[in-house]
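**Student:** Chains as they are written, first to last, in the working numbering: chain A, 10 to 1035; chain B, 2 to 239; chain C, 3 to 171.
Hint data in this document are derived by calculation from the structure and do not stem from the laboratory. Honestly, I wouldn't trust all of these hints.
[Said to hold, decoys possible] Estimated spans, in silico, between C-beta atoms of each pair:
no.: 1; chain 1: C; residue 1: R34; chain 2: A; residue 2: S402; range: 46 to 54 angstroms
no.: 2; chain 1: B; residue 1: L7; chain 2: A; residue 2: D730; range: 25 to 33 angstroms
no.: 3; chain 1: C; residue 1: R34; chain 2: A; residue 2: M256; range: 40 to 48 angstroms
no.: 4; chain 1: A; residue 1: K831; chain 2: B; residue 2: D49; range: 29 to 37 angstroms
no.: 5; chain 1: C; residue 1: R34; chain 2: A; residue 2: E340; range: 52 to 60 angstroms
no.: 6; chain 1: A; residue 1: N766; chain 2: B; residue 2: E65; range: 47 to 55 angstroms
[Stated by the list, open to error] Listed next, the in silico EDC-like pairs over lysine to aspartate or glutamate satisfying Cα-Cα at most 20 angstroms (straight line):
no.: 7; chain 1: A; residue 1: K129; chain 2: A; residue 2: D523
no.: 8; chain 1: B; residue 1: K6; chain 2: A; residue 2: D369
no.: 9; chain 1: B; residue 1: K66; chain 2: A; residue 2: D863
no.: 10; chain 1: B; residue 1: K89; chain 2: A; residue 2: E827
no.: 11; chain 1: C; residue 1: K165; chain 2: B; residue 2: D152
no.: 12; chain 1: B; residue 1: K11; chain 2: A; residue 2: E683
no.: 13; chain 1: B; residue 1: K89; chain 2: C; residue 2: E9
no.: 14; chain 1: B; residue 1: K11; chain 2: A; residue 2: D805
no.: 15; chain 1: C; residue 1: K31; chain 2: B; residue 2: D193
no.: 16; chain 1: B; residue 1: K11; chain 2: A; residue 2: E357
no.: 17; chain 1: B; residue 1: K6; chain 2: A; residue 2: D839
[Unchecked claim] In silico contact screen, one side only, chain B against chain A (beta carbon under 7 angstroms); selected entries:
no.: 18; residue: L7
no.: 19; residue: I9
no.: 20; residue: T34
Virtual Cβ for every residue (Gly too), placed ideally from N, Cα, C.
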Amino acid sequence: MSNKKNQQGNTGALSEVSGSVLVVGGGIAGVQAALDLADSGFYVHLVEKSAAIGGGMSQLDKTFPTNDCSACILSPKLVECGRHLNINLLTLSELVSLEGEPGSFKAVVKQNPRYVDPDKCIACGTCAEKCPKKVVNEFDMGLGKRKAIYLKYPQAVPLKYAIDAEHCIWLNKPGRCGMCEKVCPSKAINFDDKPTEHVLEIGSVIMAPGFKPFDPSKLDYTGYGRLPNVVTSMEFERLLSPSGPCMGHMERPFDGKEPKKIAWLQCVGSRDINRACHGYCSSVCCMYAIKQAVIAREHSESGDLDASIFFMDMRTHGKEFEEYYNRAASEGVKFHRARIHSVLPSGENDNLRVRYAGEDGEIRYEDFDLVVLSVGLEMPQQAIELAAKAGVSLDADKFIVTDPFKPVSTSRNGVFVCGAAAEPKDIPQSVMEASAAALEAGRILAPARWKDTKKKEYPPEKNVYSEPPRIGVFVCSCGINIASVVDVEAVTEYAKTLPGVVLAQNNLFTCSQDTIDQMEETIRREGLNRVVVASCTPRTHEPLFQETLRNAGINKYLFEMANIRDQDSWVHQNEPEAATEKAKDLVRVAVAKVRGDAPLPYNSVKVTKSALVIGAGVAGMTAAVSLADQGFPVTLVERKDDIGGHARKFYRTWQGNPVQDYLASLVDTVKSHENIDLKCGVSVKGVSGSVGNFTTVLTDGTELKHGVSIIAVGAGSFKPDSDSRWNYLYGKNPNVHTLLELDQKFIAEDSSLSGINQTVFIHCVGSRVPERPYCSRVCCTHAIDQALKLKELNPDMDIFMLYRDIRTYGQRERLYQEARAKGIIFIRYDLENLPAVTEEGGNIKVTVKDPIIDAEVELNPDMLVLATAVRPKVDVHDLAKFFKCSIRADGFLMEAHMKLRPVDFATDGIFLAGLCHYPKPMDETIAQAQAAASRASIVLSQDEIPAESITAQVDPRKCTGCAVCTEVCAYNAVSIDEATEKAVVNEAMCKGCGACVAGCRSDAITLKNMGNEQIMAELETIMDNW
Amino acid sequence: MLEQKLEIRKLRTKLKQHMQEAVPDAHIDYCLTCGMCVSGCPASGIEDMDPRKFLRLLVLGQDEKLLETDWIYSCTMCQRCEYACPMKINVGRFVYELRGMRPKDKRPKNLQRSCDLQKESNSTGIPNDDFVWVVGDVLEEVRENEPEWADLQAPIDKKGAEFYLNQNAKEPTVEPEEMVPLWKILHAAGVDWTYSSKWWDGANYCLFSGDPEDWEKTVRNQAETVDALGVRYYINTE
Amino acid sequence: MYYATLEGLRRFNIPHKFEFVSIITLYAKWIREGRIKVDSSWNTEGLKFTVQDPCKLVRQGIGDEVADDLRFVIKQVAGEENFIEVWPNKSNNYCCGGGGGALQAGFSENRRRYGKIKFDQLAATGADVVITPCHNCHTQVLDICSHFGGKWKTTHLWNWLEKALVRDK
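Using the sequences provided together with the hints, build the complete structure.
**Tutor:** What follows is the structure, given as structure tokens:
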């Protein structure tokens, strides 16, 4: 992207405001925040306490609900971070002090010695091989050993060794060992390394110190630390991981045997005010336990691993989580609604026994050969100290205090927070908050955008036209992801025999920093002019390798990938020989293709520096204000005549903040903002163009030019019609309400509420059913908060909540506890046994079975409240079609990647926020809107952005001017030149989709580097071996 | 477990309220019905009851069911449920209250009798003089028959001794020779110790009968006696 | 019972000058200090020992600390290698089922049903001797052992401590 100085903004303040930001914590949240900021014109100092960035996510094997390999999706971000010109990575560092005001802070950072010169270290590993001192490997949660000189993990960024001063023999007794220094081929060892102090001038700070898994050793009844085959979930991640202590073969830590029967015990260290001292829910454990059960079953050699999850409430409240849960259950993972008091030895083989009781109270015994404790998340001691140094307040649970309406702001102005340090949360939520924090950190520094940044210079590109192909092939082992199935050595040897190939080599992780650096070196040294990487998917990794080519002075389109992982080793696990042959075929095809590749121009388009935000609810308004405050003009379009959306119906947030006051001030800001053009009563009629240059036509005929779009059209609510299975008298009896209707009464201060004697709430009305298989996420918390409000109005009111699972995730659990403490009674029901609602003379009767005492309970409420589902809007389909966005089967919009791109669409320049993505409460909606604005700011802060290079080209000799191409082009990129009557392609608008190529009846249009000759060459070479 | 439908117009939870007043930090309402207590309680299932059902009945106001269950004599008030309970609910504490609420004539006879005897002197009801005599007699026998223990001591009411030792009433009553090993150990350790001739019984069945005033009385008797001896340590033998 | 006095003093706020201690704590202290000397060489047959951690002394009383003292004394008395750990144990141990007045309350069938868990737990250790440092536990463990056909010997700790005692001449 172009890094020219932005001409916008208040240049008068430039001298006062810093253009740099400090990000503390190098986990996924810190990394995402750093990337967003660095990509939108700010210089970032990223401080990480350990020797490498990556955080907790780098220790995970797979991630839910997509089952992506965690390291694989994380690695490109880490590498990008490590290579980013505008990110100053400070590892082994900690914040010492923070002084000053927003816009001009002074931070002191202490960097501890690495004792290895990062400029010299080539990560060859000889030092660690020879180092005589074995140390417990904390990255493997203590399950394995590393050396005193170590690499944190194989894909570590920076990929540099470090000496553990606590254990190094030399550093403790100089003169005693020094083996690493003797064997290091690049003389990188420096025993005299000293701590250094960095004084950083910055304008804002983002805290992302992450979490620590709860240590269950103080809970003796879990058996942890006492019985060898009781492990924590984080340890189990390492046991599953290919880079873990048993290379992904899933062994019991004690005897190395493959477990056949595993139990997961939920809520260890969460929702426990007794000895764990953590009243909150850790939010992620239910899902990671299901994921681990599913993955463990895939790992097991026999495939019939017996997996049981013992839980209290199943909390699968996120996008696609409930479906994941249902799928796991139908595939054979067993779910027991029972908590286990103690894990006991079962006698032989160090197996384990549990005694448990289902809701029926019947005692059962079951033996397992491994027990996994689903440990919760807590604030690390170091982060507590960090918060003190940064001067931000902590709550009673020791998490950093935020405000529901400013979800990433801390108690100190100019200091922001993201990730699990503010409350336990999953990766998508952390990534969302990271972008939100980046937005907030950058918003106050907008005048200083591009002030402190550096500009990327590439070496001039070598002219390859005159050269014969000199192809280099890099075959990746991907740890064991590929190498455990495919014979990578054989593939590498085979590649050497292919025409044009002058070099082929095998790498453990081709995407790791050292391999990338070495690849650049190799390209230059060997004079390569084309490159093939046989590894994973171009979807995540192509940009990284293409960048490497550019750095080496080669046009980035002289590159092909062969996907020998996703499309080979992963799908042919049981046929290694055939998989190896297939890998050879794929490499041969890629080589054939790359031989014909030509260098392409790097097109770019000028960016229209304005945004269109669709939907003026809290999400849309927040996004609009976030962009407008940075000086970007925004058109905010609302279909209805009034703005405010769903929020107009809400009484208060779960933290107790009145929504209407907040909403009024937000509406006011929107209406009076000089950079916001509010258009009500209109909607989108058509869209053309692409990122940087959209043209949108509204129903009132207005034509808007804008560079980005944020879709925030909200959602609707399910109305339980009385003919369905939800025969709950809704619309028939005046005392039956939905949650939002009851909120209306609270807002109106309806005095009749305090006279109510008994209220019944029914949860999950319309959610978690086959026709709407998702959890609506917000209703448990909302309903419980309403029940508490009713108790405030009338403490004597009897309140019953009929629920399936209570999902007050994170610190919302506090409300659930408070509700119980106030005598609100919770009765569980199943989908197979719904509560029955009847009416006698206007009086409501609700009958439900209490599973604990196995008795029918008949309730006689004066008011029945239904927690109805959040339902996607039907008319979102049109909008999605205009912007070419995907919609999931459940009707919610589909983001680019569920885990790491939660506010982007697959279509560039379009972002989403709020309920149209998935049901979520106000604080998360605001964070997501800020995140969408952050992502949009990256585009808007550029003067021009890269455009597609693989564009269509017309051979005018063959073109008949029939105009079929103009009909089929979805981007309005093709037109018929009036003078020549031939088709012409507007390269700036062409997305290279190929529709015109397929549509052309005269074979006159081709895509660059995808001409018939090249495709035929690929096809023919596939046939070679057949 | 309930024979008929439980109809709730106005929830009445008298017993629960009583418990909440009697027990600080009762946390009854906090119950998550997670079943951890049931899983860990050896009395689960006895009399068709378990700690979770017990709490549920309290919460739902099924007082009669609770007032009549004999499960309160199978729950040993051992606190293993509370040990792991995420909400730190001590079911045993409520069982204690219920035991106390049961009319004396409906209580298990021998349990109440043990406490009544303890309130008089000791749980087996042997006269204090007999205890003193038995101790002396057994000591005499050891000194005579075992020359290496000729200087063995078993002091009673020795003021200013460093240690006071209590004695479960079972031994002096039915197996007096079982007292000897401990005397020998104390002797070998060179300990200056003493028994008391009253309130010497180390057991305390009034902890189980359910009347706090009885329990308090027995402990107070002991404490006063021990302090009167002027010892520094009160050794409990079990 | 340890807890009856400890909790009684606490709950009823009974004034007292003495310090309330367990004999188990003292055994361990005296052995550590060399105030009493014990020798496990008598155990030539290698009798295996396990222990019943009394609720009133451990979980409700002093906690794991006294359970560790108990194990220390047994190992000193019977030989380090002759102690077999029981599960669950220490503060998390099962009640024997004789506590809480159950032995006097008369519901024998219920009491033994309760005790079956204790029986299985102790039988699983395969120990020859079960040390029961509480009279209630002693009576109950003795009863369930004979009722369910156990083979172990149920005893107090002092008998073995006396056996292992070495006296200075």
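**Student:** Checking against the hints above, which ones are violated?
**Tutor:** 6, 12 and 16
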